Each structure stands twice: as C-alpha cells, then as structure tokens.
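Those protein sequence lines, which keep their order, are chains A and B. Per the numbering used here, the very first residue in the first sequence carries number 5; after that it's consecutive. Per the numbering used here, the very first residue in the second sequence carries number 566; after that it's consecutive.
Certain hints may be false.
Claimed, not checked - Just a sample of chain A residues kept apart from chain B, beta carbon distances all over 12 Å, derived: (1) 45; (2) 198; (3) 239; (4) 243; (5) 248.
Said to hold, decoys possible - DEER-style ranges, computed between Cβ atoms: (6) B:568 <-> A:185: 35 to 45 Å; (7) A:88 <-> B:595: 42 to 52 Å; (8) B:628 <-> A:32: 29 to 39 Å; (9) B:734 <-> A:234: 41 to 51 Å; (10) B:590 <-> A:148: 32 to 42 Å; (11) A:158 <-> B:699: 30 to 40 Å.
Bear in mind the hints are in silico, worked out from the structure with no lab data behind them. Remember, it's a predicted structure, so these values are computed and weren't measured experimentally. All C-beta atoms in this analysis are idealised placements derived from N, C-alpha and C, irrespective of residue type, glycine included.
The chain contents come next:
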Amino acid sequence: MPLPRLIPCLDVADGRVVKGVRFEQLRDVGDPVELGAAYSDAGADELVFLDITATLDKRAAAVATAARVAEQVTIPFTFGGGIRSVDDATAVLEAGADKVSVNSAALARPELIEELASVLGSQAVVVAIDTEAGRVRSHSATRDASRDTVEWARECQERGAGELLVTSIDRDGTREGYDLELLERIGDAVSLPVIASGGAGNARHVADALGVASAALLASILHEDPQRLVSLRAELKEAGVCLR
Amino acid sequence: MKTVAICRYGAGNVRSVELAVLRLGATLTDDVAGADLAILPGVGSARTAMEGLRERGLDDVLRARTRPTLGICLGLQLALDESEEDGGVAGLGLVPGRAVRIREGRVPRIGWAHVGETAYWFAHSYAAESPAVTATSEGLAAIVEHGPFTGVQFHPEKSGPAGARFLERCLSRV
C-alpha cells in the first residue's frame, strides 16, 4: 500500500480561499495558489480545492483557479464543486487538476460517475459522500438524499469511482475525532481508497483515521496555517505513523 | 536547447507534464517524430487512449522513433504488447509484456510510494508485467526500459522536487 496521505482542503469562493461557518459569514483567508504552494512545501501529499460558491460563471472561475494552481504546485490536486458533466470535469483536468470530486450531481444522476470514469479514468474520479446517521446528505448536507451510506458507497465503486471522500456530518467541526466506525464499515464494503473527513481535533485523531482509511482530509485543524501542517506531521511521525 | 513533444490524444491532465518540461528549460514542439524527447502521457482508459493514438497516426510515429520516448503511467502501459483493461486492448508493442489488473491492496493504487530511496506519486489500477522492468515499487513495476523507450508508472510531473529531478535526468540523457 502507498504511504498514508495528508490532504489539506481549501474552500474556494470567487478565486479566493475562504473560511466560513456552515457556508455563511465567509471570510477571505488568502490566495489559493499561495496557500496551496505553502501547504505543498509544508509536506502535504495532495490538495483538495472545493468551490463552494454557486455563481453563474462557476466553470470559468474553477478552470482559471485550477490553471493558476497547476503553474505553481507540483503535487496532485483535486477540484470539486459544481462539476455536473464530463465537459466540466475535462475542462478542470485540462487546466491541470488531477482529479475531480463530485457529490450532489452524482446523487442526482449516478450515471455521471460512469461517464467520468470512462473518459478520464477511475483514478481521476472522487465521489464525495456527506453522511449523517448512516444516511447520505446532498446539497452541502442540507438535504436527505434518501440513500443508505454503505449502499451508496458500493454503488459508487460499481459505477467506476476511483476514491471515496467520506465526510461525517455528525462529527464535522466538532473536533472530537473522525467517525472511525463509519470509516471502517465503508472500508470493508469497498476495495477503493477511502479519504476520511470530518472531526479532526488533534494528531491522535488523524493517526487513528489513517489506521482505517488511506488518507485524511485536513480542514479546520490546520487553521489555514501551513506551519500547523509541519507540526502535525512531526506529531504523527512521533506517534509512529509512516509518512512521506 | 532540447525539444520535447508531448503526445496529445485524449482528455486529461497533460498540462502538468507541459509545465514540468517548461520549468526545466526545454522547448515544446508538436513534432513527435523529430523531437529530442517524446513524452507519451497517460490520459483516460486503455481503449479510448489507443483509439486516440491511432486516429491521430501517433501509433506509427511512436513505433518509428529511434530517439528517446518517455511513457508516463498509462503511457507506459500503452507501450506494452497488450493490456487487460477494457476486456483486452492491443498496445503499441514498443516494450514486451502486458498490463494486468492490480490484485492486492486498494485499487486504484493512489498515493506516494518508494522506488528505491525516493517516493513518487502513483495513481493506477493496472501494472506492467514485463522482462523490461528495471525498478519496482512494493512489488509492482515502477520503471521499464527497452531500447529508446523508458516508461514510468508514477507521475514525475506530480511528484514535487523528486519528480522534477527525475525528469531532469531524462532530459539530460537525450
């Protein structure tokens, strides 16, 4: 197995990295290229950029951001948010992203996963699953998607997904630790790599997640501070986690 | 000034290969036949990729090359005789061997893994079985070398400074 991965997640709105509580009161925290490059230098294994806005010219903005990131960042990155078609995904990949992440669009039309996998290859297709109490949520976790989480995970695999990014809504923002039981259940149900998300408060939590998942998504635990990633990596190595 | 041609034949992230080559000071050209180094990047799946190469006549151009060609990821696998992917696809036959589905661990195999002392980034579901393998990563083919063709299963263009150094060595040899 490849080494466990640490993946900082940057929320992007209108070409800027933002921080907000439940998508409200957005605060500008920096430039995606500068922050991405700083995280790369700090030892990030990959990056995830999530476009959280719903502007009309979203695709053009996403492509422009991906292109700018690719010029400066030489580690892999995933782009998510607003990707609804093979054309959307192709544009972002051709700008320099390595993977796309889809969520609500795949729930609305699961065939999208097959279409993306057949044109771009499974390795470029991440399906993000937001889950609460064993059920899938859609539209930034505001709606019940009427699906069982484990069943949806299996379906994503059958349709050609390359990775699952599993966010526990119950834990998101709590800093009480990732939902290990959920990650284990999904990991047992599929043979794809699973990226753990939601609930990280300290290095122990991240180490525990990397025991049951292939990668850990890091959001609020980093406080938008690349130096925090440097110290987190040191703490994880001290705890015996084998990192790059 | 070294010239590099990157084969374009389908949808995917070829831009990062282009940027990596430009950072090393090479000149890009569309002349796959005449470039000092041709790069066959990996985009899409084996079947659509082979169709894309054939439609553009790049299969014959690559077979005719006597100067170095570098295949990256699927680009390595396409150079083999055949691939198990998509129910079986004939490859370019530049390198003896076949691409077979990875049977151990989580697939796709995604992430950083060591090739000797150095970690590079991988993202693949198939791996080469070939007498031309010259380096492995966790028991899977990482580098194949046969005549003017070198194939790498990892993505040097996405492997940070270590990947840049690898590409620099490739360029310095042409």
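Taking the hints in turn, this is what the structure says about them:
Separation of residue 45 of chain A from chain B is inadequate, the least Cβ-Cβ distance of about 9 Å not exceeding the 12 Å criterion. Not every C-beta of chain B lies more than 12 Å from that of residue 198 of chain A, the closest at about 8 Å, which undercuts listing it as non-interface. At roughly 19 Å from the closest C-beta of chain B, the C-beta of residue 239 of chain A stays outside 12 Å, upholding its exclusion from the interface. Consistency note on residue 243 of chain A: stated as away from chain B, and its beta-carbon is indeed over 12 Å from all of that chain's, at 19 Å minimum.
Here residue 248 of chain A does not stay apart from chain B, with its beta-carbon only about 5 Å from theirs, under the 12 Å limit. For the pair residue 568 of chain B and residue 185 of chain A, the supplied restraint of 35 to 45 Å is violated, since their beta-carbon distance comes to about 56 Å. Separation of residue 88 of chain A from residue 595 of chain B is about 33 Å and departs from the stated range, judged on CB atoms against 42 to 52 Å. Under the hint 29 to 39 Å, the C-beta atoms of residue 628 of chain B and residue 32 of chain A, about 53 Å apart, miss the expected range.
A C-beta distance of roughly 29 Å is found between residue 734 of chain B and residue 234 of chain A, which places it outside the suggested range of 41 to 51 Å. Range check, residue 590 of chain B to residue 148 of chain A: Cβ separation about 55 Å, and the 32 to 42 Å hint is violated. Checked against the hint of 30 to 40 Å, the pair residue 158 of chain A and residue 699 of chain B passes, with Cβ atoms roughly 39 Å apart.
In terms of the numbered hints stated before, the structure departs from hints 1, 2, 5, 6, 7, 8, 9, 10, listed from lowest to highest.
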